[in-house]
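Participant: Read off the chains here:
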Amino acid sequence: MSVTVYVPNDSAAIGIGANATAQAISKMAAERGIPIRVIRNGSRGLFWLEPFVEVVTSEGRIGYGPVEAQDVPSLFDARFLDGGPHRLRIGRPESIPYLAQQERLTFSRVGITDPLSIPDYEAHGGGRGLRVALQAPPADLVEEITKSGLRGRGGAAFPAGIKWKTVMNARAEQKYIVCNADEGDSGTFSDRMILEGDPFVLIEGMVIAGLAVGATEGYIYLRSEYPHAWVILLAAIQKAQDAGYLGSNILGSGRRFELHVRRGAGAYICGEETAMLESLEGKRGMVRPKPPIPALFGLWGRPTLIHNVMTLAAVPVIVDKGGAFYAGFGAGRSRGTLPFQLAGNIKRGGLVEKSFGVTLREMLYDFGGGSASGRPIRAVQVGGPLGAYLPESKFDTSLDYEAFSASGGMVGHGGIVVFDDTVDMARMARYAMEFCAIESCGKCTPCRIGSTRGVEVIDRVIQGRQRTENLTLLRDLCDTLSSASLCAMGGLTPSPVLSALTHFPEDFQRPPALAPGGRASRTIRRH
Amino acid sequence: MDSRLQANTSPTVPGTPDPLATIDSVIVAMRSLPGALLPMLHGIQDVLGHVPGAAVPRLAEALNLSQAEVHGVLSFYHDFRTVPPGRHILRLCRAEACQAMGCDALETHLQKRHGLTFHETATDGSVTLEPVYCMGNCACAPSVMVDGEVRGRVTAGKLDQWVQQWRANAGGNP
Numbered sequence: 001m002s003v004t005v006y007v008p009n010d011s012a013a014i015g016i017g018a019n020a021t022a023q024a025i026s027k028m029a030a031e032r033g034i035p036i037r038v039i040r041n042g043s044r045g046l047f048w049l050e051p052f053v054e055v056v057t058s059e060g061r062i063g064y065g066p067v068e069a070q071d072v073p074s075l076f077d078a079r080f081l082d083g084g085p086h087r088l089r090i091g092r093p094e095s096i097p098y099l100a101q102q103e104r105l106t107f108s109r110v111g112i113t114d115p116l117s118i119p120d121y122e123a124h125g126g127g128r129g130l131r132v133a134l135q136a137p138p139a140d141l142v143e144e145i146t147k148s149g150l151r152g153r154g155g156a157a158f159p160a161g162i163k164w165k166t167v168m169n170a171r172a173e174q175k176y177i178v179c180n181a182d183e184g185d186s187g188t189f190s191d192r193m194i195l196e197g198d199p200f201v202l203i204e205g206m207v208i209a210g211l212a213v214g215a216t217e218g219y220i221y222l223r224s225e226y227p228h229a230w231v232i233l234l235a236a237i238q239k240a241q242d243a244g245y246l247g248s249n250i251l252g253s254g255r256r257f258e259l260h261v262r263r264g265a266g267a268y269i270c271g272e273e274t275a276m277l278e279s280l281e282g283k284r285g286m287v288r289p290k291p292p293i294p295a296l297f298g299l300w301g302r303p304t305l306i307h308n309v310m311t312l313a314a315v316p317v318i319v320d321k322g323g324a325f326y327a328g329f330g331a332g333r334s335r336g337t338l339p340f341q342l343a344g345n346i347k348r349g350g351l352v353e354k355s356f357g358v359t360l361r362e363m364l365y366d367f368g369g370g371s372a373s374g375r376p377i378r379a380v381q382v383g384g385p386l387g388a389y390l391p392e393s394k395f396d397t398s399l400d401y402e403a404f405s406a407s408g409g410m411v412g413h414g415g416i417v418v419f420d421d422t423v424d425m426a427r428m429a430r431y432a433m434e435f436c437a438i439e440s441c442g443k444c445t446p447c448r449i450g451s452t453r454g455v456e457v458i459d460r461v462i463q464g465r466q467r468t469e470n471l472t473l474l475r476d477l478c479d480t481l482s483s484a485s486l487c488a489m490g491g492l493t494p495s496p497v498l499s500a501l502t503h504f505p506e507d508f509q510r511p512p513a514l515a516p517g518g519r520a521s522r523t524i525r526r527h
Numbered sequence: 528m529d530s531r532l533q534a535n536t537s538p539t540v541p542g543t544p545d546p547l548a549t550i551d552s553v554i555v556a557m558r559s560l561p562g563a564l565l566p567m568l569h570g571i572q573d574v575l576g577h578v579p580g581a582a583v584p585r586l587a588e589a590l591n592l593s594q595a596e597v598h599g600v601l602s603f604y605h606d607f608r609t610v611p612p613g614r615h616i617l618r619l620c621r622a623e624a625c626q627a628m629g630c631d632a633l634e635t636h637l638q639k640r641h642g643l644t645f646h647e648t649a650t651d652g653s654v655t656l657e658p659v660y661c662m663g664n665c666a667c668a669p670s671v672m673v674d675g676e677v678r679g680r681v682t683a684g685k686l687d688q689w690v691q692q693w694r695a696n697a698g699g700n701p
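As given, the protein sequences belong to chains A and B, one line each in that order. Numbering-wise, my numbering puts 84 at position 84 of the first sequence, and it's gapless, one number per residue. Heads up: take any position in the second sequence, counting from 1, add 527, and you land on my numbering.
Everything labelled a hint here was simulated from the structure, so no lab data went into it. Note that the coordinates shown come from a computational prediction; the quantities given were computed from them, not determined experimentally. Zero decoy hints are in this set.
On the chain A side, residues computed to face chain B include the following (Cβ under 8 Å):
1. Ala12
2. Ile16
3. Glu183
4. Asp185
5. Arg192
6. Arg262
7. Arg263
8. Tyr268
9. Ser279
10. Gly285
11. Leu342
12. Gly349
13. Val417
14. Phe419
Each residue gets a CB set at the ideal place from its N, CA and C atoms; glycine is no exception.
Okay, chain A solo, but in the shape it has when bound:
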């Protein structure tokens, strides 16, 4: 009988050697005449242990990590296929505190199953939501989503139930479900992990959404920076088609849903929903003014339900277990769980799915174990490049939408980027403006021009030229950006800038010679 070995096929794991590890294991097993079956699973999301190899033994799965190709001979010598002792032996993955303390609803299968096996998917609870949905009247499905309290996980946190109801009640010959998989925020990778580690849950969520609102066609807009996810997603759609999850006769019900994938082309702004629609239509990714809202006038002018990957991937568990079950997690008006992502200068970076209400400090120290460099954590950016930089005095804030925004932050997509005390916050503020200048779609003036002016003003501050006047000008400019921009790109760029200025003013007062803004003269180039 052959032994089953799991080696992640997640691109972050591959980026630090998982393919070489998998090959070394297969090769050595062949050389030693041991029959094994290597399954390429998703990642458990414990990246300091990647490549994380798991072996199925009589006592369950036993994990070893981080396993590099050069460790493989000694693992065979230690009889790791029987769970033997080795310096890299971690034990049962479920008993690792980092995993044991999570509440994995959306990520319940990631790292456990073969991402491209429908039987594996169904053996671990997949497909149940879809079967419920095929029996339920659309209005009941919308009601369950409303009851669950699910809010858009992409950043804006708009109540999903209201969107679903609007699209359901819209009258049109054709409606669409569009999945925004253009997760471009630095520090976020939960979408990528689902796309690579459990793509069927997204597909199932989109089909259920289609059944609920009366849409028969769906598009996934996937960022081009995720080439590995693209390959896996295309394979998953083919398998879903073959298994009857997609197509003209879903699981024999006679209902229909077709799914297409489109690749983005490196424009951050296409994560904004209306710019994404323009891009899907084959145009420049320029933001559309709202109203009309996409729920009524979306893709090719038709009613369109737009959600990001995390929102749609939460749908199957809600429909399977009920809205009340999902609403049983969370804090205040933020119901359910959020897959947080610990990134940057952090010792134990990874994916932490928790109920809303956990504090930033618990994330940084209990899960993250402090900085990777061992130096004090000085600043944390939550919610992507448009999120505020928070100092230690804010670390006890509860991570839920309301509490976090009351303290000047934004939960956004749940990305948490950690910086140690070597960070220069004036330079981070400059980068925020530079990023806006590079990625602005150019439709509105505050964003297009204001961001470039912002870089220039911050450069003058760094160089020590008329600091007081220029800091006043910078605040004035931020005010213009936040009140007069068409979308969140220009509207929220002041957030990292002003938070840096408010919480770390000393970084804007350094003697010019010491200011490490050495690239102050770097010109902005869009291409």
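For chain A, the structure is supplied; the task is to place chain B on it using the hints.
Facilitator: Relative to the frame of chain A, chain B by itself:
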């Protein structure tokens, strides 16, 4: 699932296919897709490594657009190149998580040690350096993409190894 999209898996290192024939075959394969311009531009670049100027009038005619509209789309998106890249493409992530782990020092290192700057190709044609803003590898920063493959926890030494190898394979050109 649309089989017409399946051929484009990941960015490929350009070979020497005939540009015009490539453009025309991509147009024929994709012209019935709704919103076909982006998939077509990707399709052309996947094969040729860039989108040559000759593609613009052909795409415009096939899609009933003006050449200005096609040019507008082509120039809007960071991914599309209008000139051939080097034999290898190195994309260095500049986003915040990678900055927290020292990507700026890697950028400086590439410039000082190897003379590589963003958006430029080495004079021997061995490598093009491009910035990228997040590849979802933020727990293993700093990150790069080497010919379409993400690599994490990159060091200056690792970059030296790659660049030297590419330079050596460039055939002794300076």
